[in-house]
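There are 2 protein chains.
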Amino acid sequence: MSRVSSLTSNKNHMSQAIKANDPNRRSWVDVPANSDFPIQNIPFGIFSTDGTAPRTATIIGDTVIDLSALARLGYLSDTGAAADVFSTSTLNAFLELGKATWRAVRDRISDIFEADNGELRDNSDHKAQVLSPAHAAQMYLPVQVGDYTDFYASKEHATNVGTMFRDPANALLPNWLHLPVGYHGRASSIVVSGTPLHRPMGQTRPDPEQPPVFGPCRLFDFELEMGYVLGQGKPLGHRIGVNEASDYIFGVTLFNDWSARDIQKWEYVPLGPFLGKNFGSSMSPWIVTLDALEPFRIPAQERLKPILPYLQQEKDGNIDVNLSVLIQPEGGEEEVISRSNFKYMYWSAEQMLAHHTVNGCNVKAGDMFASGTISGPTPDSYGSMLELCWRGTKPITLKDGSERKFLKDGDTLILRGHAEKDGIRIGFGEVNGQVLPAIQ
Amino acid sequence: MSRVSSLTSNKNHMSQAIKANDPNRRSWVDVPANSDFPIQNIPFGIFSTDGTAPRTATIIGDTVIDLSALARLGYLSDTGAAADVFSTSTLNAFLELGKATWRAVRDRISDIFEADNGELRDNSDHKAQVLSPAHAAQMYLPVQVGDYTDFYASKEHATNVGTMFRDPANALLPNWLHLPVGYHGRASSIVVSGTPLHRPMGQTRPDPEQPPVFGPCRLFDFELEMGYVLGQGKPLGHRIGVNEASDYIFGVTLFNDWSARDIQKWEYVPLGPFLGKNFGSSMSPWIVTLDALEPFRIPAQERLKPILPYLQQEKDGNIDVNLSVLIQPEGGEEEVISRSNFKYMYWSAEQMLAHHTVNGCNVKAGDMFASGTISGPTPDSYGSMLELCWRGTKPITLKDGSERKFLKDGDTLILRGHAEKDGIRIGFGEVNGQVLPAIQ
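Chains V and R, in that order, are what the protein sequence lines are. Just so you know, this note's numbering puts 578 at position 337 of the first sequence, and the rest follows in order with no gaps. Just so you know, this note's numbering puts 430 at position 189 of the second sequence, and the rest follows in order with no gaps.
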């Protein structure tokens with residue numbers, strides 16, 4: 242039986258098997274063992290080399306593939322995508338073409354790089370125009386993000402936060418099991434992996450009996466999240482149904498929603514997080530398509546309360562992706578501080594998108610939404626320093642002997658993730674960012 | 242003594258008087274009595290006529306002035322703005338040019354249309370290319386909004402809401418007098434005046450003892466706000482100081498932050514408003530420059546608690562703008578339901594922008610932020626149905642005998658505003674929108 246997955250959808254072209262997911266394919270491009278990027282992945286990003294203009298790429302193994310060159314040379318002419326959509330500095334124009342075209346392009350790339358296909362493999366001139374070593378590629382923010390929404394969709398995370406700050410007996414608020422709680426975030430400050438961020442300045446009130454003070458954030462945190470990139474939208478007034486939602490989601494990235502806990506605590510009542518979040522969020526440069534993740538779908542968590550019909554999803558809602566969080570102190574070695582999994586979500590991406598648009602809110606290609614902090618059931622699988630160190634009461638001791646309750650200046654925080662099944666590993670690369678000192 | 246205002250600023254070009262504000266100027270274009278658009282206003286918008294491409298305009302009296310034509314004909318050549326910035330479908334490219342250029346363009350337009358200047362007045366051919374009657378102009382959303390932030394900066398509004406939903410004795414939350422509370426809103430669903438909006442569908446819990454239900458919003462509300470359009474930004478990591486902030490704000494519009502109170506009530510804890518707001522916000526088409534409003538500045542409200550230095554503003558923070566709210570039932574006549582004033586703000590636009598960027602959050606040309614609901618001190622000056630009808634306990638009776646606790650399908654809600662002093666009236670036109678039935 243083929244392990245090639247299929248999509249359940251009301252569109253005929255969506256119900257076909259996804260050729261590019263065929264686990265038996267191998268590429269003529271070298272793919273090192275444990276690479277995140279076998280021929281079954283084919284993620285999309287924006288790159289440049291040597292000061293050239295940013296343009297669309299994919300990656301196999303450690304080799305970056307210039308899709309603008311591939312298109313210019315005619316290799317993508319039957320995919321429905323005009324060559325110039327790959328020459329722009331964001332993926333937005335490509336995203337607007339829709340799922341049938343994304344799939345055709347990915348399938349065609351899979352064909353071109355399949356081991357037995359000589360059309361590019363045997364053309365040295367074309368290969369020189371198309372292929373670059375990954376270490377020579379500068380990666381960019383892959384999309385122009387119109388609007389960004391952050392959800393709060395891991396039950397363990399919401400329970401941990403509710404336990405710490407409210408009432409352990411009623412950690413989840415009354416709405417939490419009925420809808421995916423979300424809030425609008427800041428699109429302008431989303432940056433690509435590798436961008437350092439200054440510790441934010443801000444107003445906090447460390448002593449509740451004293452007036453607030455101004456200074457550098459003292460409780461600098463990360464949040465382990467996955468980001469979803471929308472491929473197509475609908476106009477104002479139209480909703481996206483939960484069972485068509487996966488046709489509108491282009492792909493998934495690693496996402497670090499940096500958080501200033503002390504600023505957040507003082508500001509967030511009653512209208513939600515603001516300056517505690519909007520100084521920066523970091524995403525990984527390669528967007529792994531939802532198509533590539535289809536073989537790794539698993540059933541959603543059991544519903545603890547019945548949900549309304551508009552949130553009832555037919556297909557498996559969760560995706561099994563191993564996630565890890567690492568700290569690298571300045572000048573030191575990286576070490577894992579948490580191991581989690583994308584499967585610890587109570588609400589799926591499709592449920593989030595259906596909920597987001599059920600009131601007619603319009604969404605556009607390039608918009609993003611994120612999962613919220615993903616925490617697993619055990620203390621070594623929590624997705625933030627706040628939870629890992631339980632509000633500072635359980636510091637982490639690193640190999641160099643130093644302690645962390647929150648992040649220190651100079652620390653680099655790294656998120657990695659990959660799905661793996663039957664010998665196929667679909668990875669996300671990583672998102673990293675270094676904490677720089679505050680600008681006083 | 243001249244009544245022409247001046248800006249206090251650290252930039253030399255900003256300290257000069259604003260020529261276009263000269264109250265003694267009159268235009269050769271007819272300006273009806275009580276027009277919102279005398280020659281002292283010169284707001285900016287995007288218009289088209291007869292199916293032509295949207296482009297930049299201003300308005301004097303009832304005459305729309307095509308700035309792309311004016312620029313093409315060479316009239317704006319000494320302003321520092323290239324002619325093509327006026328030919329695009331949004332003001333963003335113009336906004337990016339900065340305050341010195343906005344001011345030069347506005348001053349030059351004032352010169353061209355000053356009563357004694359014959360250069361355009363006496364050129365029939367050019368006038369035919371430049372002038373259109375306002376009734377023939379189609380107006381568009383004037384900016385591509387990158388990010389949108391809503392504040393909560395009227396003390397009377399925050400007090401009313403706190404009194405209704407929390408504790409009358411402690412209506413203002415502890416942070417409120419120390420910082421301008423704000424939250425991120427949805428940029429994609431901001432629409433221009435005249436765009437009807439469907440009543441949103443959504444999840445609510447009318448009976449706290451029963452599970453939530455799905456259906457049309459029952460408590461459909463407006464919010465009387467002013468919107469601020471950012472003219473320039475700063476990159477990530479850089480803050481905008483409170484005393485330079487007015488150089489970064491291009492102008493002001495009327496803004497209706499439509500609200501679904503029942504959806505909002507169920508969803509908003511703990512992360513803030515989401516689907517209760519993001520189905521649509523409406524703005525007036527003409528952006529009145531902050532320059533044009535300088536003569537109407539008045540001192541800020543008295544501080545009830547000391548504020549931190551980064552929020553201490555030297556120049557007068559408030560602006561005296563008369564505001565009115567009207568309902569027009571379907572097929573009926575419009576009538577005023579509230580009279581308020583922009584001066585009922587506790588926090589100024591400059592304080593909001595300084596706070597928004599104090600953590601290094603980047604802002605861009607075309608970004609918007611809004612004041613939050615503006616409520617005055619008396620019940621006839623409240624800025625929402627929620628407050629005017631005090632949670633439905635004091636219905637409004639319209640002239641046709643019908644009652645309103647919230648908005649009904651078919652109602653058109655209209656906001657109008659103008660500043661007036663010494664015989665000069667700087668108006669905003671209006672923002673209107675009709676409530677259409679929910680799409681089931």
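No lab work stands behind these hints: they were computed from the structure. Since we're looking at a predicted model, the values are computed, not measured. Hints may be right or wrong, so weigh each one.
Note: identical chains are not told apart, hence a pair may lie in one copy or across any two.
No farther apart than 27 angstroms at their CA atoms in a straight line, the calculated lysine-lysine pairs in the BS3-like style are these [as the list claims (entries may be wrong)]:
(1) Lys396 <-> Lys506
(2) Lys640 <-> Lys605
(3) Lys635 <-> Lys605
(4) Lys475 <-> Lys649
(5) Lys546 <-> Lys506
(6) Lys556 <-> Lys649
(7) Lys635 <-> Lys506
(8) Lys646 <-> Lys662
(9) Lys475 <-> Lys605
(10) Lys546 <-> Lys396
(11) Lys396 <-> Lys635
Okay, the hints, checked on the actual structure:
1. Lys396 <-> Lys506: both (20 angstroms within a copy, 21 angstroms between copies)
2. Lys640 <-> Lys605: neither (45 angstroms within a copy, 42 angstroms between copies)
3. Lys635 <-> Lys605: neither (42 angstroms within a copy, 41 angstroms between copies)
4. Lys475 <-> Lys649: between (43 angstroms within a copy, 26 angstroms between copies)
5. Lys546 <-> Lys506: between (30 angstroms within a copy, 20 angstroms between copies)
6. Lys556 <-> Lys649: neither (42 angstroms within a copy, 39 angstroms between copies)
7. Lys635 <-> Lys506: within (20 angstroms within a copy, 36 angstroms between copies)
8. Lys646 <-> Lys662: neither (35 angstroms within a copy, 58 angstroms between copies)
9. Lys475 <-> Lys605: Result: close both inside a copy and across copies, 7 angstroms intra and 25 angstroms inter.
10. Lys546 <-> Lys396: within (13 angstroms within a copy, 39 angstroms between copies)
11. Lys396 <-> Lys635: Within one copy only: 22 angstroms inside a chain, 41 angstroms across chains, cut-off 27 angstroms.
In this structure, the hints that do not hold are numbers 2, 3, 6, 8, in rising order.
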